[in-house]
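S.K.: Two chains, two frames, a set of hints: combine them into the complex.
Chains as they are written, first to last, in this note's numbering: chain A, 13 to 302; chain B, 3 to 295.
A hint or two may mislead.
[Unchecked claim] Pairwise CB distance ranges (calculated):
| no. | chain 1 | residue 1 | chain 2 | residue 2 | range |
| --- | --- | --- | --- | --- | --- |
| 1 | B | Leu274 | A | Arg213 | 53 to 59 Å |
| 2 | B | Leu274 | A | Gly249 | 27 to 33 Å |
| 3 | B | Phe203 | A | Ala148 | 56 to 62 Å |
| 4 | B | Leu46 | A | Ser21 | 56 to 62 Å |
| 5 | B | Glu189 | A | Ile85 | 51 to 57 Å |
| 6 | A | Val81 | B | Leu46 | 19 to 25 Å |
| 7 | B | Lys197 | A | Leu44 | 44 to 50 Å |
| 8 | A | Tyr197 | B | Val275 | 36 to 42 Å |
| 9 | A | Gln195 | B | Lys197 | 46 to 52 Å |
[What the hints assert, rightly or not] If you want the footprint, here are the derived chain A segments under chain B, 3+ residues with CB under 8 Å:
| no. | region |
| --- | --- |
| 10 | 73 to 87 |
| 11 | 174 to 186 |
Honestly, the hints are just simulated from the structure, not real lab data.
Predicted, not measured: the structure shown is a model, and the values here were computed from it.
Quick reminder that beta carbons are idealized off the backbone N, C-alpha and C, glycines included.
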Amino acid sequence: MTERRARRSPYPTWFFLPAAVVYGALFIVPTLASFWFSLTRWNLFEAEFIGLGNFRQFFREPFLVQGVVNTLIYGTLTSGLKTVLGLALAVLLTGRIWFRGTLRTLVFFPVLVSTIGVGFAFEAMMHPTRGVINVALEGIGIDGPHWLTNPSLALVSVALVDVWKGVGLATVIFMAGLVSIPQDYYEAARIDGATRWQQFRRVTVPLVRPATITVVTLSLISGLRYFELIWAMTGGGPGFSSDVIASVIYKQYQAGFYGLATAGNVILFGLIACIVLPLTWWFNRREVEL
Amino acid sequence: MTVLSRSVATAPPARPRRRARWRPALTGGLALLAALVVFVIPFLFIALQAVKTRREASRLDFAWPTEWQAWENLVEVVQERDYMLLLAYLNSTIITVGSVTLLVIFASMVGYVLQRRRSRVNGVVMGAVLAGLMIPPAVVPTIWVLQALGLFKTIHGMILIEVAYNLSFSVLLYRAFIATIPRELDEAAIIDGAKPLQVFFKVVLPLLWPVTVTNIVVQSIGIFNDFTNPLYYLPGRENVTVQLTLFNFQSQFSSQMNLLFMNVLLVTIPPLVVFVFFNRQIVAGMTAGAVKG
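Extracted from the complex, chain B is given alone in its bound form (with noise of 0.2 Å):
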């Protein structure tokens, strides 16, 4: 899990003149030991917890426990209420996959014409872009839209709710990009008599896999937790989203404390699975821009 380390350069080492050779390690040390208490500890206690039994679990204190119901308290979680959770695993599946899907395409659009051409247009697209950004949705309003479109309660609905607000995120991350790939691509493929779509499918969205998997990998992650919007815009229990399935437990708080655990050790996987692999992507997406402004 090392791997974070070259994702992001590191500045060439501060030239130490009377520091000694003992203070990396002893900084490192100090505040690796600092990282485990303050990170490490809590997800411990989830995977301990999520391991008990339901009485020991009640106990909430870092006891080893003295029975092991790993299994049985998996098998519980998965069929509780009918086997909501596999339910949940499936929708939230489809929901992220389509509207990561939708985003790629949309986005990667905009963010070619815009980058590509100046005209009178642009201000007010990178106006709206930014109005995205900061504006807090209008949750009644965008119900009734939703009424109104037939799209309420619906999972296609809700994956178009998921583009229209992670839109111009990944707007600007293509824009960006866009701007270190040659024109003359384009252009020449224009030459030889390509299509603005021919042009831009064949030639320049292949060039752009890398910010394509950046905006995959962090936009999944992120509509994959994704707990508010679907609370509002996909009600009803055959919706229920991954998140959502947290809250069976909540109501007998408790006492069901190892299941409560086990269900959020279960929905943290994905992402912990994405973030192996993909750290660096993650890492290069979540920091565009930053440097720049």
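Bound conformation, chain A alone (with noise of 0.2 Å):
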């Protein structure tokens, strides 16, 4: 026994085992758990076959159809923003300009302030007639629209916040790799005439490009399976117009629907998947082609 123990590995397997069991137990355990429960009508103690009724009803309800789409929107439209506006607030903050380390620190400072205090602020800021963003477009002349209240809006005002304070993380992250581009290729640009805008266009962009995937990936990821901003900010409403996928399974949970919230995760979980496995795939198929 001594002997083959002296000969095993000094980078031992059961090394994984306590994060292995914590991870396992509370995570793995639940997700495996979610599929059979999404097919039941379930009360935490008793649950009973249905199957694929929660599913059925999911995409029968328009309310919670809205939320399907809504998550679709919420998480493109997030994404995309803070991609476009990380990669351009980058470009600015690691140029030559004055008071570059303010700005980088004003950038990124929300994205560490607590969401739902965020969410409050703005919901507060955004008061259709009171509110200081509409007061201030009064002054300019600009008949405010009711951000939070209007049904049709009260989805991207949320993403707009979200997007405030967020974008920090995304610009950090495009820093990182901007720094990272070696000078001699802008050099070589400018020597063959290249304009500011060329020289963006054909050496930035694609030489970033392993932090635009991270940056995509990530918020895209964090967008669809958002809760927090919208609880705090309007709660899903008014009506059921800006409820996303997570707030419906909250909603579901709180109601005791447990069966259908559980059914709700299954089909976030799907939903990322299908949209977060192929973009992966061909972020990394493209990169192999270069």
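M.R.: What follows is the structure, given as structure tokens:
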């Protein structure tokens, strides 16, 4: 026994064990169990098998369908804006510019602030008549919209606040990518007479690609499963107009429809997998071609 | 607060040929002006409402307070619902410290073996790590498991949940950093007769201090700011966490804006302090892996 132990690897597999126990019990097991419970009518003690009933209900009830559609809108909108604005800000903040340090700090700080607090602050500032935003718009002669009380605008308003809070993270990721681009490429492009825009389009964008992949993937994953800001600002309202799958799950859970809530979880999982996995595959394939 | 500029190395300046000297000052000035409007006004708004009287705060405007009530508001927020905020701070601190401690130990052990040893298990482990980043946690089945284990509505159950949900990120950070520690160091310790545990905890883990700091800072801010998970897994008045206290004033929303924003201010202070001291580690942690893909 002792001889065998002496020849064992100095990097024992049991080092995985503490993490694996916690992760397995509280993440893997519930995830696997969700596939079963999504097929049942469930009250935490008894689960009655009802086949695909929960899923059928999910795609039949208009407000649940709206939740799925809203999730897609919210995910793509926040991810797209964070990517574009993040790259623009990163280019600005790695270039020759005064107040660079202060600007970086200002852009990044909202990332660390309580989401609920930010949500409440913007809810107050987006008040249709007294809110700071509309009062300022009025000052320059624009009749500000009802940001959070107009059903067709509420989701977009929340998404904009999400971008405000999260763009700093995209920016620092892009900044790390930008500074790793060798300056020789820009030098060569300039000698060939490339304009600033051509340099950006032909040098920066292709070479900052790994950072772009990270930003798009991360923001898409977090955007599709986002809950906190929507809950703080609109609670899914007015009506169900800004409900996303994550808030639907919470509402069904509160109402005691555990099977339906779990079906929502499975749908969200499927949605994220169906979008993110092909996207990652496509990104990686393109990378090989380059 | 200009420390952030040191954290990410700046690109060597693109050499301007026909560009005027005033250009960086002008763009910088304009950008600063825009950033002040977009990023500072919301915080100013919060701070301003927090020191107003109830009546003035309910107007939601930028008018200077005629009556300063900062201290009264602070006292009232702290005393609200029988000192709920203090209890929340205590609970959030216990959860944050407990889960970050476990995260550091568990994730560093995984990252170490994952990076050092080539084996078939590695593929499975990496798969699990990436799944943890992507898959949204299944809420109700998790409650079901927690109940079966007697961990539902308990602080230690909450700690283990935070560990499970944040492991993936920490493991990736550690794995990337351990690759930069020369293997010869562990081998020397092994030849000297150290056991695996000793090699890791006495030789390797101390060398991982920089990435451990990054882990501690980034994860503790995330866990302190977490709202969704305590909402689901830690219901009950005695289990309240700081983010949930913000909803104390939401029911009487229009009449108690001053208290609401004083509460927001109090909840924002810990991350602000951490940011001032550790912004370099925060940025390093959040951008880790971005460049290599």
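S.K.: Next, verify each hint and record whether it holds.
M.R.: Okay, the hints, checked on the actual structure:
no., hint, verdict
1, Leu274(B) - Arg213(A): 53 to 59 Å, "39 Å, violated"
2, Leu274(B) - Gly249(A): 27 to 33 Å, "31 Å, holds"
3, Phe203(B) - Ala148(A): 56 to 62 Å, "57 Å, holds"
4, Leu46(B) - Ser21(A): 56 to 62 Å, "58 Å, holds"
5, Glu189(B) - Ile85(A): 51 to 57 Å, "55 Å, holds"
6, Val81(A) - Leu46(B): 19 to 25 Å, "36 Å, violated"
7, Lys197(B) - Leu44(A): 44 to 50 Å, "35 Å, violated"
8, Tyr197(A) - Val275(B): 36 to 42 Å, "41 Å, holds"
9, Gln195(A) - Lys197(B): 46 to 52 Å, "49 Å, holds"
10, 73 to 87, "violated (count 0)"
11, 174 to 186, "holds (count 4)"
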